[in-house]
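K.L.:
Chain by chain, the residues:
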Amino acid sequence: MHPNDVILQTVTKLLAFIIVIFSFYVFLSGHHNPGGGFIGALTTACAFLLISVAFDIETVKKMIPVDFKTIMAAGLLIAVISGMIPIFFGENFLWQTFDYFDLPLLGDNTELATALVFDVGVYLVVIAVVLSIIFTIGEEQ
Amino acid sequence: MYVFTALHWATISPLLLAIIIPFIYKYARQIHTGWFVLVLPVVLFVYFIRFLPTVSNGEVIEQSVPWVPSLGIHFNVYVDGLSLLFALLITGIGALVVLYSIFYLSKKKEQLHNFYVYLLMFMGAMLGVVLSDNLIVLYAFWELTSLASALLISYWYTREKSRYGAQKSMLITVLGGFSMLAGIVLLSMITNTFSIREIIAQADVVASSDLFIPAMLFILLGAFTKSAQFPFHIWLPDAMEAPTPVSAYLHSATMVKAGIYLVARLTPVFGGAAEWFWIISIFGIVTLLWGSLSAVRQKDLKGILAFSTISQLGLIMSLLGLGSATLYFSEGQNVELYLTAVVAAVFHLINHATFKGSLFMSAGIIDHETGTRDIRKLGGLMTIMPITFTLSLIGLASMAGLPPFNGFLSKEMFFTALLNATEYGIFNMETFGMLFPIIAWVASIFTFLYCAVMFFQTFTGKFEPSNFKKTVHEAPIGLLISPLVLASLVIIFGFFPNLLSKSIIEPAVVSIAPSLAGSEYLDVDIYMWHGFNAELFMTIGVILFGTILFLLMNKWTKLSIYKHERDPFNRVYDGALSGLSTGGKKLTDAYMKDNFRQYLIYIYSFMVLFLGYMMIRLDVIDLFPESYAPIAFHEVTLVVVMIAGAITVAIAKTRLKALIGISSLGFATAFFFVLFRAPDLALTQLVIEIASTVLFLLCFYHLPLFKETVDEKSAKLINGIVATSVGTIVTLLAISAHNNRLFEPLTEFFVNASYDEAGGKNMVNVILVDFRGFDTLFELAVLGIAAIGIYAMIKGKVEKEGL
Numbered sequence: 001m002h003p004n005d006v007i008l009q010t011v012t013k014l015l016a017f018i019i020v021i022f023s024f025y026v027f028l029s030g031h032h033n034p035g036g037g038f039i040g041a042l043t044t045a046c047a048f049l050l051i052s053v054a055f056d057i058e059t060v061k062k063m064i065p066v067d068f069k070t071i072m073a074a075g076l077l078i079a080v081i082s083g084m085i086p087i088f089f090g091e092n093f094l095w096q097t098f099d100y101f102d103l104p105l106l107g108d109n110t111e112l113a114t115a116l117v118f119d120v121g122v123y124l125v126v127i128a129v130v131l132s133i134i135f136t137i138g139e140e141q
Numbered sequence: 001m002y003v004f005t006a007l008h009w010a011t012i013s014p015l016l017l018a019i020i021i022p023f024i025y026k027y028a029r030q031i032h033t034g035w036f037v038l039v040l041p042v043v044l045f046v047y048f049i050r051f052l053p054t055v056s057n058g059e060v061i062e063q064s065v066p067w068v069p070s071l072g073i074h075f076n077v078y079v080d081g082l083s084l085l086f087a088l089l090i091t092g093i094g095a096l097v098v099l100y101s102i103f104y105l106s107k108k109k110e111q112l113h114n115f116y117v118y119l120l121m122f123m124g125a126m127l128g129v130v131l132s133d134n135l136i137v138l139y140a141f142w143e144l145t146s147l148a149s150a151l152l153i154s155y156w157y158t159r160e161k162s163r164y165g166a167q168k169s170m171l172i173t174v175l176g177g178f179s180m181l182a183g184i185v186l187l188s189m190i191t192n193t194f195s196i197r198e199i200i201a202q203a204d205v206v207a208s209s210d211l212f213i214p215a216m217l218f219i220l221l222g223a224f225t226k227s228a229q230f231p232f233h234i235w236l237p238d239a240m241e242a243p244t245p246v247s248a249y250l251h252s253a254t255m256v257k258a259g260i261y262l263v264a265r266l267t268p269v270f271g272g273a274a275e276w277f278w279i280i281s282i283f284g285i286v287t288l289l290w291g292s293l294s295a296v297r298q299k300d301l302k303g304i305l306a307f308s309t310i311s312q313l314g315l316i317m318s319l320l321g322l323g324s325a326t327l328y329f330s331e332g333q334n335v336e337l338y339l340t341a342v343v344a345a346v347f348h349l350i351n352h353a354t355f356k357g358s359l360f361m362s363a364g365i366i367d368h369e370t371g372t373r374d375i376r377k378l379g380g381l382m383t384i385m386p387i388t389f390t391l392s393l394i395g396l397a398s399m400a401g402l403p404p405f406n407g408f409l410s411k412e413m414f415f416t417a418l419l420n421a422t423e424y425g426i427f428n429m430e431t432f433g434m435l436f437p438i439i440a441w442v443a444s445i446f447t448f449l450y451c452a453v454m455f456f457q458t459f460t461g462k463f464e465p466s467n468f469k470k471t472v473h474e475a476p477i478g479l480l481i482s483p484l485v486l487a488s489l490v491i492i493f494g495f496f497p498n499l500l501s502k503s504i505i506e507p508a509v510v511s512i513a514p515s516l517a518g519s520e521y522l523d524v525d526i527y528m529w530h531g532f533n534a535e536l537f538m539t540i541g542v543i544l545f546g547t548i549l550f551l552l553m554n555k556w557t558k559l560s561i562y563k564h565e566r567d568p569f570n571r572v573y574d575g576a577l578s579g580l581s582t583g584g585k586k587l588t589d590a591y592m593k594d595n596f597r598q599y600l601i602y603i604y605s606f607m608v609l610f611l612g613y614m615m616i617r618l619d620v621i622d623l624f625p626e627s628y629a630p631i632a633f634h635e636v637t638l639v640v641v642m643i644a645g646a647i648t649v650a651i652a653k654t655r656l657k658a659l660i661g662i663s664s665l666g667f668a669t670a671f672f673f674v675l676f677r678a679p680d681l682a683l684t685q686l687v688i689e690i691a692s693t694v695l696f697l698l699c700f701y702h703l704p705l706f707k708e709t710v711d712e713k714s715a716k717l718i719n720g721i722v723a724t725s726v727g728t729i730v731t732l733l734a735i736s737a738h739n740n741r742l743f744e745p746l747t748e749f750f751v752n753a754s755y756d757e758a759g760g761k762n763m764v765n766v767i768l769v770d771f772r773g774f775d776t777l778f779e780l781a782v783l784g785i786a787a788i789g790i791y792a793m794i795k796g797k798v799e800k801e802g803l
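Residue numbers (UniProt numbering), protein chains in the order written: chain A, 1 to 141; chain B, 1 to 803.
Don't read these hints as lab results, they were simulated from the structure.
Keep in mind that a hint or two might mislead.
Unchecked claim - Listed below are the simulated PhoX-like cross-link pairs for lysine-lysine, each with C-alpha atoms no more than 20 Å apart in a straight line:
{"id": "1", "chain 1": "A", "residue 1": "K69", "chain 2": "B", "residue 2": "K795"}
{"id": "2", "chain 1": "B", "residue 1": "K558", "chain 2": "B", "residue 2": "K377"}
{"id": "3", "chain 1": "B", "residue 1": "K299", "chain 2": "B", "residue 2": "K462"}
{"id": "4", "chain 1": "B", "residue 1": "K653", "chain 2": "B", "residue 2": "K713"}
{"id": "5", "chain 1": "A", "residue 1": "K61", "chain 2": "B", "residue 2": "K795"}
{"id": "6", "chain 1": "B", "residue 1": "K109", "chain 2": "B", "residue 2": "K26"}
Hey, can you work out the whole structure from these sequences and the hints?
P.N.:
Below is the structure:
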């Protein structure tokens, strides 16, 4: 599509990784710092958008060989199920908790929150929604 | 434990039989379905006859089954003289009509299951109306009679006139029905009960209530529309499109008397008031006159009978109106005088049912055997159809009020009642009340005239076989049985009126005027010969003038008024109906412009007006608060950027320019979030702005060229005004709301709890996924739905084009 955009494509190859890693950072640090599932997902989606602008939508599709609608459903399911699990422990729907663990690699006294599971759901839904909207419309061209 | 008693089962048995009629029709095609139906009214008639001794002793029977007890709605059946009289009419004439219909409707050509289902529906509904003590139950059955009547009128639904007639009767009677419901509700508001007997017991409470007049008017509207009183009578002539058994049953003997029943039933509640007396008497007498005048102009046998029914109903109604004065006087000579009116009303009610039923059946026979009901074509049937001729003669003579038939007696009593009313003066009856006997007398002349016209035009003269499609001969015996029974009743009641007086008229009169129970005035004695009194001379005058008018028929039939058969009030109805529909269409067209911008103007204007009004009314506008934060320089700069962006969007000539304007607004908003220390929002806003701009650019090539709006200046002005006022209102609201804060915000809680309880330092995120995760969950669902919607819209387009 853009055979001569060498600079753009080269920069994209580099930048996309940085953006994705940054988006993971934003996603994971959301509990204590600005960020979270929503922003993380949007940032990841922007990385894919950049690839699709520099290369082609087909390229992105090859990179993520799954149907966005499945991801969307999976994300919603994760969010709902994570909300339902507390019910079996006699708590309310969407009840969240957290605790501190000593984990390898991540270090001692690391906080793990159940809210993260819910956030994974948010992350998956948002990324799938944005990409599916843009690709559906983009493919129409 | 409440159980349905035999009386309850009897009341709803026609409805139950109606359910199985289609099965009988389907599996017993060889036998006319009517035979199966016939059993029920006969059994019911016998069942109700058995109440006669009890009721004539002055006892009443009451059975109650709760229906909606919490609302005071009980299925109460209540048998007293009046209910029993009507129940006997309904079942007795019902049986005769079913018998008649067996021979009238062909087994092969007609959809009999429909007919009998509707007829039984009607019979059950009518029994329910007259036997119910609970007004709400009465109303339910009342509407069921309207429905069944409309179904029966449109029985031959392929004919346009049938449908017109059915619609008309439905609209008018349902209008009255709703009004009656309003009256019922008002009555129950006054008395706190729906039971008629309990309301009667509280009649003095009702009379002293402010709602007395509205309740009375609403109920009377219901009664007048149902009983075809002037000017609501117009539906009845058009209801003649129904099969003749239906006309005989519904539109002469039973349904049209439901209004009479209601008036009679509620007389103990409302009677004694001058308004009730005057309204009913005047409407009745006007109906009497109008009906008899109009009947003369009709050329169709059933048309004459329809207007004659209207006229006779008016007669009964006016008698009930006059009779209600009995409640005003508790004793004395006057009671006796007005009592005559009540007795005459009840007696004529019975008489009318007998002779009008038989006349309709005779007319049906003539129609059935000759193929026409037009009196201009008919003639000379006397020798060809001798039995029908005799039956019609009896019926018409009774209707015209000739001795020795029962119509004569009730007409004499009618005159007596009217003369009494004027003579002894009540409610200023002596002044223009003098008109009453005169109007009644004139109406009687015309009654005589149309009876004579109907009789002589049909049966005398020359017989013209060419006028008829069929070879004319006497009807089969089956068709003749029912009118024969009714006609013999006409004669029997004529010669032995006291057969009825003790057994049924007296209890019925007591129901209408309960204060008379056991009083010495109540001694109904009807006899043929009163001596030479004013009434007799009035009757002689009626016969004399009627005969003269009939002999002069050649003269007045040339008058143009004779040519116009349709009632002039039809024009009002038709005009109102088409006016409603064209007016409604015009009104809708005036504001439903199929223009999105127009609707937005409505919505925003309403919002501005409503918010503005409320803000002024509650006096909450407050623009000068104590606590504005200091405004920094960079905030001013950002605001200037935003204003510039907004103006760019508004005046942009190309789409790209508008897009840039919008993006600048979005980025400026993100900066505001930064300034106001909302990093999450700022991040989200930035990324969303980028994504949506990309999206817009993607769609860019698909969009049509940016259309230069060629609106008129006035439209632009309106848009400008609406937009400015919305902006002003929202600004005012926002500032005023800021200054009218009633409670402390919840911030404190979240600040404290987000780390302690949820373990997160990012308060925004903790709120999103923990404290208020439920919202987030469904926002995700919203996003998903939006994505699937876009996918479906774009991918589904191909299939749509393929169609």
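K.L.:
Evaluate each hint against the coordinates.
P.N.:
Verification of the supplied hints:
no.	hint	verdict
1	A:K69 / B:K795	holds (14 Å)
2	B:K558 / B:K377	holds (17 Å)
3	B:K299 / B:K462	holds (18 Å)
4	B:K653 / B:K713	holds (17 Å)
5	A:K61 / B:K795	holds (17 Å)
6	B:K109 / B:K26	holds (15 Å)
Figure legend: structure checked against the earlier numbered hints; every hint is met.
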